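J.: Same order as they appear, the protein sequences are chains Y and H. One point on numbering: in full-length UniProt numbering, the residue at position 218 of the first sequence is 218, and numbering is uninterrupted. One point on numbering: in full-length UniProt numbering, the residue at position 101 of the second sequence is 101, and numbering is uninterrupted.
Calculated from the structure, these hints are not laboratory results. Keep in mind that the hints are not guaranteed to be accurate.
Simulated restraints, written as ranges between beta carbons of each label pair [said to hold, decoys possible]: (1) THR115/Y to GLU3/H: 41 to 47 Å; (2) ASP24/H to ILE57/Y: 34 to 40 Å; (3) SER70/Y to ASP24/H: 46 to 52 Å; (4) GLU126/Y to GLU70/H: 18 to 24 Å.
Below, computed lysine to aspartate or glutamate pairings styled on EDC-like, alpha-carbon distance capped at 20 Å [what the hints assert, rightly or not]: (5) LYS50/Y to GLU57/H; (6) LYS141/Y to ASP103/H; (7) LYS233/H to GLU276/H; (8) LYS122/H to GLU133/H; (9) LYS77/H to GLU126/Y; (10) LYS162/H to ASP211/H; (11) LYS141/Y to ASP137/H; (12) LYS141/Y to ASP120/H; (13) LYS76/H to GLU126/Y; (14) LYS16/Y to GLU190/Y; (15) LYS85/H to GLU126/Y; (16) LYS217/Y to ASP137/H.
Values in this document were obtained by computation on a predicted structure and should not be read as measured data. Beta carbons are placed, not taken as given, at the ideal position from N, Cα and C, and that holds for glycine.
Spelled out from the first residue to the last, the chains are:
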Amino acid sequence: MFAELWNEISWSEVSKASTETLSMLGFSVLFTLLLGLPLGIFLYLTSRSKAVWVQIIHNVLSVVVNILRSVPFIILMIAIIPLTKTLVGTSIGIKGTIPALVLAAAPFFARLVETSLREVDRGVIEAAQAMGASTWQIVRKVLLPEAMPGLIAGLTITAVTLVSYTAMSGFVGGGGLGDLAIRYGYLRYEATVMVVAIIVLVLMVQALQWIGDAFVKRYTRK
Amino acid sequence: MIEIRQLSKRYPGKGKTEGLLALDRIDLHIEAGEIYGIIGHSGAGKSTLLRTMNLLERPTEGSIQVAGIELTQLNKKELQQQRSKIGMIFQHFNLLSSATVYDNIAFPLQLVNTPKHKVDAKVNELIRLVGLEAHRDKYPAQLSGGQKQRVGIARALANDPKVLLCDEATSALDPQTTQSILSLLLQINKQFGITIVLITHEMHVIQTICDRVAVIHGGRIVEQGKVVDVFLKPSHAVTQEFIMEENHLGDLSSWVSFKNGQGVHSRIMKIHYLGEVTYEPILHRVLSAAGIEFAILQGTISRMKDVPYGQLIIRMDGKEEALRHAAVALAEQGLEVEVLA
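For reference, chain Y alone in the conformation it holds in the complex (with noise of 0.2 Å):
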């Protein structure tokens, strides 16, 4: 019977969508820090302005970043979709899902980004100005190493979330293990497959957070 059940599953499909989950992953990460860390850095400083304009361009980008995070992914991704062909050309594939990946994970990571800038001792940004510390020499010098647990923390969070988002995009030809659940468990009524992608899919999860956490506690000095 379990052979019976072994033997019906396509382990070179099984290897080929995780290939691609982990390439839809690393690359929409990898996006996400580029695009959410710089965002979460804005929106801390501009949060602690007392600048009228300052606080507007504050409150709107805030707004922005809500909008995005209160759409639900599987919704964002089809909506976005004439604007993943002008970027990427397509719409399908690896590559037209990672612009929506970015999209909902960007802001949902500079507001963790944002949050663990707060964390960091007002007292050491006062001590880092008394010493005439440009704002640039504060947030690379004093904030992101005084705060690097909690953006690495935060970016597992992000990475796990990432991982949810991807097998949800085989919903719309996206790919990956999520697309290979479907297609076999889903549509083909062969549960095994489906059962082995999900077995994959919380290795991949775990993997995430066992390094994310063994970072963490490599920066932590406190």
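Position chain H relative to chain Y; hints supplied.
T.: Same frame as chain Y, now just chain H:
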């Protein structure tokens, strides 16, 4: 070194309310090379005042000059440059928790792009100065409070500042550690001639290392002068409170009606000593010559920085005539005598 004129700071209130006037037309002159103390209760405005000296707190009105440079007129870049020449240490140390002792001290040097070999030489010299050779690669979380403050001091001295601002630098430390940090500050003041401004709510800190002191209350300086003068002749009620807390002298009025063991002609007197005369056996010499017996009811003999001083409450028993003469004779010897009863 620091010249403050008609400095006011008002925190804006909400809506149409007046807001809080944290500093009210402060005038302050701090000489180069002195240790200047500012004492006040919490909320008196002392922290705000100290923070105007590197413009962490921007005054609403008035002028503030440090080493001849008017801080309120500087642009952002110029201010950052001036700040690197004004060291500051804090009550809660404010060290980078993600950096080692070495990196914390190197931090201000790296801000002004000091070449690496110079950073190395300077940091090692400072680590030796504050006595942390054994801890250079430790993180702040692994250090005691006193050690953290030593790192703070070394960091503040990295760019050879002319002024060191101390924001309640010893308030989070135990008495023993406080003493060791105060002696380090005193040593730095003597060795480098650096001007030190410190704020505190503890009179003994002022007494231990300060040359001059200002008492701040409700955003105003109510009294200032040499520590010895302010300490021995406090004119403002707040100053008197601080001194009483320190001396445990309590209320003197209870001695006025003190009857215990009192003879026919008894006097309760308060005697002030100041300077080397404190250690002379004047009281014994004068009073035994006049045939007067005395008992010490209460008193303090101590030092303010380098100046010895004393305050005694005594009861004298003797003839009316002899008592009067004795009081004059004590005054002639350089003591100050006050008859309480």
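J.: For every hint, state whether the structure bears it out.
T.: Outcome of the hint check:
1. THR115/Y to GLU3/H: 41 to 47 Å: Given about 43 Å between the Cβ atoms, the range holds.
2. ASP24/H to ILE57/Y: 34 to 40 Å: 36 Å Cβ-Cβ, so the 34 to 40 Å window holds.
3. SER70/Y to ASP24/H: 46 to 52 Å: holds (50 Å)
4. GLU126/Y to GLU70/H: 18 to 24 Å: Distance hint for GLU126/Y, GLU70/H holds at roughly 23 Å.
5. LYS50/Y to GLU57/H: OK: LYS50/Y and GLU57/H at ~14 Å, within 20 Å.
6. LYS141/Y to ASP103/H: With a Cα-Cα distance of about 11 Å, the restraint between LYS141/Y and ASP103/H holds, given a limit of 20 Å.
7. LYS233/H to GLU276/H: This hinted pair holds, its Cα atoms lying about 18 Å apart.
8. LYS122/H to GLU133/H: holds (13 Å)
9. LYS77/H to GLU126/Y: With a Cα-Cα distance of about 17 Å, the restraint between LYS77/H and GLU126/Y holds, given a limit of 20 Å.
10. LYS162/H to ASP211/H: Judged against 20 Å, a Cα distance of about 17 Å means the pair holds.
11. LYS141/Y to ASP137/H: The given pair, whose Cα atoms are some 18 Å apart, holds under the 20 Å limit.
12. LYS141/Y to ASP120/H: holds (18 Å)
13. LYS76/H to GLU126/Y: At roughly 15 Å apart (the allowed maximum being 20 Å), GLU126/Y and LYS76/H satisfy the hint.
14. LYS16/Y to GLU190/Y: It holds: about 18 Å lies between the C-alpha atoms, which stays within 20 Å.
15. LYS85/H to GLU126/Y: holds (16 Å)
16. LYS217/Y to ASP137/H: It holds: about 18 Å lies between the C-alpha atoms, which stays within 20 Å.
Figure legend: structure checked against the earlier numbered hints; every hint is met.
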